[in-house]
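One-letter residues, chain by chain:
Number of protein chains: 2
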Amino acid sequence: MQFNITAKSKTTSARTGIIETCHGRIETPVFMPVGTLATVKSLTPEDLAECGAQIILGNTYHLYLRPGCEVIEKFSGLHKFMNWNQPILTDSGGFQIFSLARLSNITEQGYSFQSHIDGSTHMLTPEKAVEIQTCLNSDIMMCLDQCIAYPAEKDEAEKAIELTARWAGRCKQAWMKTTRENALFGIVQGGMFKKLREISAESIAELDFPGYAIGGLSVGEPKNLMLEMADITLPLLPYEAPKYIMGVGTPEDLVELVSLGADMFDCVMPTRNARNGQLFTSHGSINICNARYRAETGPADPNCGCYTCRNYSSAYLRHLYMTRELLAYRLNTIHNIHYYLTLMKDIRSAVKNDTFHEFKKDFYQKRQN
Amino acid sequence: MQFNITAKSKTTSARTGIIETCHGRIETPVFMPVGTLATVKSLTPEDLAECGAQIILGNTYHLYLRPGCEVIEKFSGLHKFMNWNQPILTDSGGFQIFSLARLSNITEQGYSFQSHIDGSTHMLTPEKAVEIQTCLNSDIMMCLDQCIAYPAEKDEAEKAIELTARWAGRCKQAWMKTTRENALFGIVQGGMFKKLREISAESIAELDFPGYAIGGLSVGEPKNLMLEMADITLPLLPYEAPKYIMGVGTPEDLVELVSLGADMFDCVMPTRNARNGQLFTSHGSINICNARYRAETGPADPNCGCYTCRNYSSAYLRHLYMTRELLAYRLNTIHNIHYYLTLMKDIRSAVKNDTFHEFKKDFYQKRQN
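So the sequences go chain by chain: U and A.
For any residue, its number in my numbering is found by taking its place in the first sequence, counting from 1, and adding 14.
For any residue, its number in my numbering is found by taking its place in the second sequence, counting from 1, and adding 14.
Simulated from the structure, these hints should not be mistaken for lab results.
Take these hints with a grain of salt, some might be off.
Any copy, or any two copies together, can satisfy a pair, since identical chains are not distinguished.
[What the hints assert, rightly or not] Once the Cα atoms are required to be at most 25 Å apart in a straight line, the calculated SDA-like pairs of lysine to any residue come out as:
1) K237 / Y164
2) K142 / G82
3) K22 / P252
4) K94 / P316
5) K88 / E310
6) K94 / D315
7) K55 / C303
8) K380 / Q128
9) K380 / M137
10) K186 / G133
11) K55 / N301
12) K55 / G291
13) K22 / R289
14) K55 / N325
Hey, can you work out the whole structure from these sequences and the hints?
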């Protein structure tokens with residue numbers, strides 16, 4: 015994997031770049047739609063490509079349990095299994111064990127846990143996380159880290175960054191034994207403690223990864239705290255490497271985090287909210303259930319060029335949603351993914367043209383109308 | 015609407031034809047995918063077109079309740095509302111009132127019923143059925159008829175065909191006051207009584223409709239009885255008009271009914287079974303949940319040219335289905351609709367080439383392997 019910075023904003027830390035992977039190039043800043051179980055819920059790869067997706071995210075925990083590595087191995091990885099030929103990033107599985115699995119127990123060795131599906135017992139070590147992700151043939155793999163809840167005691171957060179650093183070292187070692195065609199990113203933790211974020215960033219950066227992520231954000235903390243943590247952590251990571259903020263966020267979050275120098279994002283918000291009838295527009299989000307759309311012949315967003323807005327009215331989208339028709343989830347998801355990916359494209363253009371400041375002003379102005 | 019017969023089988027009553035409608039031509043024999051609520055569940059119009067759909071069916075009862083005529087009117091009909099530019103046939107609503115609505119009551123005037131959704135009370139008369147379908151702008155509208163359960167007493171069936179005939183007369187009268195750009199088909203009832211089917215066919219044919227349907231089949235009766243009723247009824251309807259068997263059936267049913275001279279079909283089987291994981295293939299149907307498909311890298315049907323079989327393995331389809339992913343329903347539905355529509359296309363070719371006899375032999379032989 016290679017990363018080249020192609021433009022820098024003069025007024026903020028925003029930048030554009032290109033990540034080269036075995037499955038093609040990615041222009042950054044980039045948003046990665048979440049494809050938990052080898053599918054971005056309700057969409058085909060063609061839908062994703064039409065929305066402008068460059069890379070998607072898969073969840074190691076989920077894929078390890080279903081369909082299992084022995085199945086995906088037969089396809090030489092996730093790409094062929096799900097018919098997606100562009101890059102894929104996978105998380106390490108740690109966050110899902112933390113949030114989903116039953117009776118998870120953490121030791122120096124790794125996580126032992128029970129599947130949330132059938133209660134079967136499993137062990138996820140740093141080495142195993144690399145092994146599974148290598149089997150998935152992810153273009154970008156993530157180190158196993160220890161996630162903590164918010165709020166957390168400093169003592170707990172401190173122990174977590176220490177374990178995360180030791181695990182990162184073990185992941186790196188395991189990765190060094192592979193072909194290294196799949197890149198491996200280190201993850202910074204540290205809760206909402208500035209000092210711990212600094213220590214964690216330093217210890218992870220020392221291990222020299224192709225890219226870095228900031229984990230443990232958007233876990234319930236106030237927005238300004240999330241931005242503050244990102245702000246102090248991002249500059250401590252190697253400038254020349256791509257920087258990924260995990261699990262964040264709203265359109266506003268993306269704009270702010272790009273300003274702070276972040277390059278990569280993922281979040282379930284566009285897909286999950288679509289399935290709840292919430293559509294993102296340049297003027298803020300709307301709920302398609304609203305009675306005002308009952309007989310509305312125009313599209314959900316007149317300024318949107320997505321397949322859904324080009325072809326269907328708000329009245330039709332509302333009807334599909336109110337009757338719980340399967341097509342509702344797909345059309346709404348296409349719209350929201352297109353919104354997020356177009357936002358990132360516009361951000362990239364603005365940074366390249368050094369008009370990012372004006373872009374931000376316009377972005378916020380539209381949302382106030 | 016016009017109907018022209020283009021070829022006739024020498025060994026059976028099978029024939030091919032072309033129905034011309036305001037929204038384009040339909041080659042018969044034709045299968046119409048069911049789009050109950052202005053959507054063929056999980057598919058876009060583009061998916062349908064790629065599967066080879068020429069015409070789809072909408073359900074008047076459902077569309078009348080949701081989103082309601084006052085909404086669809088704003089789009090000048092169903093086509094623009096759902097973005098489907100090819101022909102649409104709608105049923106009259108009678109069958110759904112019979113099977114779904116609460117407290118339905120039948121009088122000479124029509125059906126009074128309570129919505130299965132919110133319990134609101136409504137009245138559906140023959141005139142109202144024509145009015146609603148005119149508002150939906152269906153290319154082919156159906157007369158309001160009285161459906162009866164199976165088994166039924168002869169007395170009840172007799173009263174039903176008499177009422178059905180009087181209602182057909184009222185529908186025709188109401189239709190005569192319209193532009194008649196939307197065609198209106200009469201419906202034959204009569205339960206499983208040969209004599210009543212004959213009487214009903216005669217009384218409906220006398221009213222001189224652009225096309226005719228046989229209703230009240232596939233309601234729980236044995237298959238041979240269904241075929242027997244179709245066999246005695248079809249020849250009693252005007253040869254030069256299209257003949258539609260409502261709500262039928264399996265691939266075998268379609269082949270047999272075409273042999274008897276039927277031209278049009280609709281059934282929820284391909285779409286509903288898809289959502290239950292059952293896929294139709296030339297060798298019979300398979301259940302994608304089966305453990306044998308767990309790591310199967312080949313498509314569900316190696317002989318199938320549908321989008322699903324061209325791009326996805328059985329293992330992936332099984333994985334999507336087992337994890338209840340939304341994409342499962344769509345990929346399975348595409349496959350099944352493609353199967354049904356390709357079967358009809360092959361039937362049309364066979365009739366045109368006068369090889370229908372061989373086609374049938376081959377069709378059944380493959381299913382025994």
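Intra- versus inter-subunit Cα pairing at 25 Å for K237 with Y164: within (13 Å within a copy, 64 Å between copies)
Same-copy or cross-copy closeness of K380 to Q128 [CA-CA at most 25 Å]: This pair counts as neither: shortest intra-copy Cα distance 47 Å, inter-copy 46 Å.
K55 and N325: within-copy, between-copy, both or neither at 25 Å Cα: Close inside one copy (21 Å) and across copies (17 Å); limit 25 Å.
Identical-chain pair category, K22 with R289, by Cα at 25 Å: neither (36 Å within a copy, 50 Å between copies)
Up to 25 Å CA-CA - G82 versus K142, copy category: Within one copy only: 13 Å inside, 56 Å across.
Homo-oligomer pair classification [C303, K55; C-alpha up to 25 Å]: both (20 Å within a copy, 19 Å between copies)
Up to 25 Å CA-CA - N301 versus K55, copy category: both (19 Å within a copy, 22 Å between copies)
Alpha-carbon proximity context of K380 and M137, limit 25 Å: This pair counts as neither: shortest intra-copy Cα distance 49 Å, inter-copy 48 Å.
Homomeric proximity label, K94 with P316: Cα distance no greater than 25 Å: This pair counts as between: shortest inter-copy Cα distance 17 Å, intra-copy 37 Å.
Homomeric proximity label, K186 with G133: Cα distance no greater than 25 Å: Neither. Shortest intra-copy (30 Å) and inter-copy (63 Å) distances fail the 25 Å Cα cut-off.
Homomeric proximity label, K22 with P252: Cα distance no greater than 25 Å: Result: close within a single copy only, 15 Å intra versus 77 Å inter.
Same-copy or cross-copy closeness of K88 to E310 [CA-CA at most 25 Å]: Only across copies: K88 and E310 sit 9 Å apart there, 49 Å inside one copy, limit 25 Å.
Taken one by one, the earlier hints fail for this structure at numbers 8, 9, 10, 13, listed in ascending order.
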